[in-house]
Amino acid sequence: SGYARAQARDPVRMGILPVLDTLPLQVAIHEGFFERKGIQVELVSFNSALERDAAMQGGQLQGYFGDLLNTLLLVRNGIPMQVLTVSYASRPGRRMFALVGRPGLDAPSAAAVGSATVGLSNATIMEFLLDALQERAQIPAGTWKRIEVKKIPLRLQMLLSGQLDLAVLPEPLVTLAESKGSRVYLTDGDLDLPLTVVCLRRDLLESEPSFGAKFLAAYEEAVSALAEHPERYRELMSRTCRIPPSLQATFPMPAFPAPGLPDPARVDQVQSWMVLRGMIPERVPYGNLVWRSPQ
Amino acid sequence: MRFVRYVAALAAIVLIWWILSALFGGGNILPDPVQAFSAFGASLGTPMFWNHLAASSGRVLLSMALAWAAAFPLGIVMGSSRKVDAWLAPFVFVTYPVPKIVLLPVVLLLFGLGNLSKVLLISLILGYQVLVAVRDGVANLNPRYLDSVRSLGAGRLDLFREVLVPAALPHGFTALRLGTGTSVAVLFFVESFATTRGLGYLIMDAWGRLDYRDMFVGILGMSLLGAALFEAVNGLEHVLCRWRRARIR
Amino acid sequence: MRFVRYVAALAAIVLIWWILSALFGGGNILPDPVQAFSAFGASLGTPMFWNHLAASSGRVLLSMALAWAAAFPLGIVMGSSRKVDAWLAPFVFVTYPVPKIVLLPVVLLLFGLGNLSKVLLISLILGYQVLVAVRDGVANLNPRYLDSVRSLGAGRLDLFREVLVPAALPHGFTALRLGTGTSVAVLFFVESFATTRGLGYLIMDAWGRLDYRDMFVGILGMSLLGAALFEAVNGLEHVLCRWRRARIR
Amino acid sequence: MIQPAATGYRKDSESETVLRADDLSKRFAANGPGVLKSVSITVGGGDTYAVVGPSGCGKSTLLYLLCGLLHPDAGTVRYRGEPIVRPHPEIAVVLQDFGLLPWKTVQDNVALGLKIRGVPRRERRQKAREMLRILGLAGTEDRYPSQLSGGEQQRVAIARALVGDPGLLLLDEPFSSLDAITRERLQHYLLEIWNRFRVPYVLVTHSVEEAVFLGKKVLVLAGRPAAIVEVMENPGFGDPSYRDKKTFHAMARALRRALDRAARGE
Amino acid sequence: MIQPAATGYRKDSESETVLRADDLSKRFAANGPGVLKSVSITVGGGDTYAVVGPSGCGKSTLLYLLCGLLHPDAGTVRYRGEPIVRPHPEIAVVLQDFGLLPWKTVQDNVALGLKIRGVPRRERRQKAREMLRILGLAGTEDRYPSQLSGGEQQRVAIARALVGDPGLLLLDEPFSSLDAITRERLQHYLLEIWNRFRVPYVLVTHSVEEAVFLGKKVLVLAGRPAAIVEVMENPGFGDPSYRDKKTFHAMARALRRALDRAARGE
Ligand SMILES: Nc1ncnc2c1ncn2[C@@H]1O[C@H](COP(=O)(O)OP(=O)(O)OP(=O)(O)O)[C@@H](O)[C@H]1O
Ligand SMILES: Nc1ncnc2c1ncn2[C@@H]1O[C@H](COP(=O)(O)OP(=O)(O)OP(=O)(O)O)[C@@H](O)[C@H]1O
Ligand SMILES: [Mg+2]
Ligand SMILES: [Mg+2]
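Residue numbers (my numbering), protein chains in the order written: chain F, 1 to 295; chain Y, 1001 to 1249; chain A, 2001 to 2249; chain L, 3001 to 3266; chain X, 4001 to 4266.
If you're looking for bench data, these hints aren't it; they were derived computationally from the structure.
Hints may contain errors.
[Claimed, not checked] Listed next, the in silico SDA-like pairs over lysine to any residue satisfying Cα-Cα at most 20 Å (straight line):
#, chain 1, residue 1, chain 2, residue 2
1, L, Lys3115, Y, Phe1160
2, F, Lys214, F, Ile29
3, L, Lys3246, X, Lys4246
4, X, Lys4104, X, Ser4146
5, F, Lys151, A, Leu2103
6, Y, Lys1083, Y, Asp1147
7, L, Lys3104, L, Thr3076
8, L, Lys3104, Y, Val1165
9, F, Lys151, A, Thr2196
10, A, Lys2100, Y, Ala1012
11, L, Lys3037, L, Gly3265
12, L, Lys3115, Y, Val1165
13, X, Lys4104, A, Arg2156
14, X, Lys4115, A, Arg2161
15, L, Lys3115, Y, Leu1159
16, F, Lys214, F, Leu261
17, X, Lys4245, X, Asp4260
18, X, Lys4037, L, Gln3147
19, X, Lys4115, A, Leu2103
20, X, Lys4217, X, Ile4041
21, A, Lys2083, Y, Ala1012
22, X, Lys4216, X, Arg4196
23, A, Lys2083, Y, Phe1160
24, X, Lys4245, X, Arg4185
25, F, Lys180, F, Gly104
26, A, Lys2100, A, Ser2117
From just these sequences and the hints, can you work out the full model?
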């Protein structure tokens, strides 16, 4: 099925999730950067990746924000997604995901926790991250019992009420858990991984050759606007990125990387992991996966 | 008196809630009811709340109407005609348990991201319930009533109008009453995509932020919506099934 | 003959499915039915599938039994006693529309991460349906039957056993029939935490991996489970409501 | 008291056959006991039949067959030459259990047949009210059947049958729940209708006096499966003061004897 | 034919008061018309009452009040001195619409009263079968009520009332759907029970002959609201061959006149 956009004048619909990483997209819409570049973009919010993917497949969206893993799955299923830019990559000193302990768990380090339960959701970037974190911390694979809890708020509640010993959580919930007495054991900070990306359908990019460049330019503008006046967008962040009320005033405004493609080696690392788990039959060539400006 | 009892019920619920929230979590799992109600009271003054409520009510009402319009007559036909039932029942029974959630991509494909998809999904789920209840109810109808009206020379249409519809109404209303709960639950599901309006969205969004105040504003709003729908169905039944109040001895 | 009609219904469904999948998506949205059925057939030979099916069936059956045990008698009491109903009905109608999903954290806290929480959640949702249906059904009972048995000197318990229970049974069964659909839907919800067994998990997990083969194995399995439950309820009704087959003229 | 209504009772020539049933047989379960066997009956334009017989012998079943609510296992029923496979609007039936709809008021129950025939609302309501008045039920128009006494319900059922100016009446113990005086009033009323309009009827009754007073021919149904064991011509029939005549009592005695014989299985 | 059953019919002394109702009044809707006004009745140990009156006058309502299924707006009912606020297991009732449970077989319907009193399964089944046989219903034990004719259903209801050896019988038109012969058989059967065990009863009927044959006292209920307008002593009652006596016919004529007077509202 083609992408359902009757006319070039109709807005390009992007499916997003209410998470921090989408802030640059929200800023770009808020400030009218896309319009100023002469393109129409509309953000359509979804509660979870499942529904967003359903709409993607139903041909209702022409682009989306999501994680690298999800993008590869969509490509495998014949939906021609191309990565325009990384929206968030882990960087030292910053954290987007973390392994958090329940309040009162007083092991000084992850290695000292010993046998424990850890909540996560399978077949998502979280599982990939946990594998990577565990490997780096040299904690043997079977040490922790993994418990699938798909709904993130539920996972946090179970952690806070002591029914899970550990949980993989995204920001800003990591900070929230910390404020309720949780200890943060491992973070994605220095893994140097491209975690989330912004994609558009290849057929859109090909039929409107200038669209990709305009989109990226607007996106870049939003990233620098955020870097220049972070506090200006605090209210927007609170409204669109599910910041818990107690953190709305204090949560540090995240910094986003300038637009750029993911590091091929890192993409390869993710793909190997997926091939190993049978999620994709074979690697997607890097060149097919990313969009490069024609010039 | 009815009002007093509703207040008593509410009071009991609040008490249980209050005990639970005091016992565990200290607000991590359940906020305390005083907070929740004061937040609810405050939000009643904001257009935001009414906006969400209006969106959800509109969707639910439209879905209920659609479900009724399609399933009530079909249920009557299946319940009253063995021949039709023999062929349609397997179809219904095989498709009934298919979780409708998995039809999401197809529904989105056919009907887009807008309210139409949402309304159709609710009415699909609700419609099955009305269908099964009405079919069962009509199948249990005392055949003497049919005989009696048939003896007056009634055709299919007359039987439908004079016997089957009034006999099926109470069953349809029971299904609708049950359906108010189901619809409200399905709201969660359909308001989790492509909308930022509706109580379902409000609750899920607040839950994602672990913002208990807003979450309970949503929950209380939804309970209110459910109770209102419930009473509306009761009222409709009261008006349309007048004979049911006539039994005294 | 019944079997033939089930096959016909299945054939019709497969045809519609096949057309839809051919028209759109070419397998992106809906796999073609041949693929889906062959995957299903293949998985029938694996213990993995039976494992999921057993987990889900066990949860659903237990929940249905629990829901029935609690709600059927309560529904009869509410339907037959105006006094009890006057006080309990508001309680039920106020809590009925509360989306049970939000109770999840409380239920987990009280009953742990295991199957107990899952079973309790399903039976909570199902129980409400049985309760409302039975209550309505009993309230509509022709009072002559009660008079007649009361005139024999029957006490509350006799009325319960000889009149109210048999009169409520068909309504309870209708609710249970409706409930098979609801329970299957709720499976999704309860099998999305703390388990890697169950058809709900299978579907959600496959969906998350965008693995349509596995997803449709789960969906077909669930439809099968639903249809089996449905027929089981029919069978039970056939046995327990024998008088309903006696009407001839 | 009786107004010829707009649609008009039809007055058939005495010789015309209104209803003809040939060789009706019926059993309820495929291998159950037979209920009726080879019952034939021909109702002419000026005929009235009273059917008597032991309880449970098949009288109601016969009426169900005659009006097309049940289908015979063998045999045929024709109304004015037309085969009866489903109820005919010109044949009015009073069922033994009244068959009133609990969800309709008394008035609407009575007017239902007219409504089905498309009589406008005002007219049918007016006719229904009038018929209720005649049957002594004025004032109950807006109640529901469950709010009436047994005898009142029975009269509503009679009103419903009579209000439509039927071409043939089938009555299953229509006066059984009525007190003697009301019963006699309604017996006379039925006779009056017959005398003026010659609407043929088949009346099932348990009362010997009623059978003799209201049946031009009296059928005795008996046996298992039941058959017509006796057909008595009743020449005195039609006279409103028949009850006071000697011939009436003689006839009643004869019928009682016939019933006794039937009961003894002769 | 009748076996004194295990629990035994109690034979009250003739003078003992079994049932005593004082000044009963009833209306159905708070501001609706009164149905009964100041009705009093005293049933002694050897008494039998027949209640007659126009259709819809309130006879069934009276029985409902006497057995405690309805509560009077004013007045009291006492059974052997005990105030009746709910039905008493020793008072057996045959309701006008039979009141059989559709979900129980004929046999289980008859045995229900015994079951409620805790009679063991075998014994109650045996008694039920016996009673069904007496009433001419052998062979219908395992059918459901919907598979019976009207008269058969009525006999099942009578069987249910009689099987429990009641201390008082309240019968609402119990023989109305029966053919003359069955009806007479059952009338005799009731009289036989009375003659042997002196079970007092109150019988509502529309048949003047039945009232005179079966009522030691005959009450005429009439008016709106209804009151007892006549109490007739019936000295000939109790003789199985009463029907053939002159006094019987004189009594019947007197009752008919009383009913006429009542109907004319005197
Ligand atoms: N539930 C009710 N609501 C209002 N009126 C009622 C109700 N039940 C009975 N009535 C009225 O009360 C009066 C007495 O009824 P009842 O059944 O006692 O009469 P009855 O003497 O037994 O008559 P029948 O001989 O026809 O059985 C009737 O006029 C009837 O319409
Ligand atoms: N649905 C049924 N299934 C089986 N047997 C039935 C059914 N309906 C009626 N019968 C039987 O058929 C016979 C005739 O019934 P029917 O109702 O015609 O009798 P009837 O002559 O009208 O009796 P009554 O005078 O008591 O009304 C009865 O023995 C009855 O038990
Ligand atoms: Mg009959
Ligand atoms: Mg009565």
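Status of each hint after checking the structure:
1. About 14 Å separates the Cα atoms of Lys3115/L and Phe1160/Y, which keeps this hinted pair within 20 Å; it holds.
2. Between Lys214/F and Ile29/F the alpha-carbon distance is near 14 Å, which keeps this suggested pair within the 20 Å criterion.
3. Proposed proximity of Lys3246/L and Lys4246/X is supported: the alpha carbons are some 19 Å apart, at most 20 Å.
4. Distance check on the hinted pair: Lys4104/X and Ser4146/X sit about 10 Å apart at the alpha-carbon level, within 20 Å; holds.
5. Straight-line distance between C-alpha atoms of Lys151/F and Leu2103/A comes to about 14 Å, which keeps the hinted pair within the 20 Å bound.
6. Distance check on the hinted pair: Lys1083/Y and Asp1147/Y sit about 18 Å apart at the alpha-carbon level, within 20 Å; holds.
7. The suggested pairing of Lys3104/L with Thr3076/L is violated, with an alpha-carbon distance near 34 Å, which exceeds 20 Å.
8. For a cut-off of 20 Å, the pair hint linking Lys3104/L to Val1165/Y stands: about 12 Å separates their Cα positions.
9. About 15 Å separates the Cα atoms of Lys151/F and Thr2196/A, which keeps this hinted pair within 20 Å; it holds.
10. For the suggested pair Lys2100/A and Ala1012/Y, the alpha carbons sit about 18 Å apart, so the restraint of at most 20 Å is met.
11. Only pairs whose Cα atoms come within 20 Å are accepted, and Lys3037/L paired with Gly3265/L is accepted, the gap being roughly 16 Å.
12. At roughly 16 Å between alpha-carbon atoms, Lys3115/L and Val1165/Y fall within 20 Å of each other, so this suggested pair holds.
13. Using a Cα cut-off of 20 Å, the hinted pair Lys4104/X and Arg2156/A holds, with the two alpha carbons roughly 19 Å apart.
14. Restraint check for Lys4115/X and Arg2161/A: satisfied, since their Cα atoms lie roughly 11 Å apart, inside the 20 Å limit.
15. At most 20 Å may separate the alpha-carbon atoms for a hinted pair to count; Lys3115/L and Leu1159/Y meet this at roughly 12 Å.
16. For the suggested pair Lys214/F and Leu261/F, the alpha carbons sit about 16 Å apart, so the restraint of at most 20 Å is met.
17. For the proposed pair Lys4245/X and Asp4260/X, the alpha carbon gap of about 23 Å is over 20 Å, so the pair is violated.
18. A distance of roughly 19 Å separates the Cα atoms of Lys4037/X and Gln3147/L; the hinted pair therefore holds under the 20 Å criterion.
19. Note on Lys4115/X and Leu2103/A: the hinted pairing is violated, with a Cα-Cα distance of about 46 Å set against a maximum of 20 Å.
20. For the suggested pair Lys4217/X and Ile4041/X, the alpha carbons sit about 11 Å apart, so the restraint of at most 20 Å is met.
21. Straight-line distance between C-alpha atoms of Lys2083/A and Ala1012/Y comes to about 18 Å, which keeps the hinted pair within the 20 Å bound.
22. With a CA separation close to 15 Å, the supplied pair Lys4216/X and Arg4196/X stays within the 20 Å bound.
23. Only pairs whose Cα atoms come within 20 Å are accepted, and Lys2083/A paired with Phe1160/Y is rejected, the gap being roughly 36 Å.
24. Distance hint between Lys4245/X and Arg4185/X is fulfilled; the C-alpha atoms sit about 18 Å from each other, no more than 20 Å.
25. A threshold of 20 Å between alpha carbons decides the hint, and for Lys180/F with Gly104/F the separation of about 10 Å falls inside it, so the pair holds.
26. Note on Lys2100/A and Ser2117/A: the hinted pairing holds, with a Cα-Cα distance of about 12 Å set against a maximum of 20 Å.
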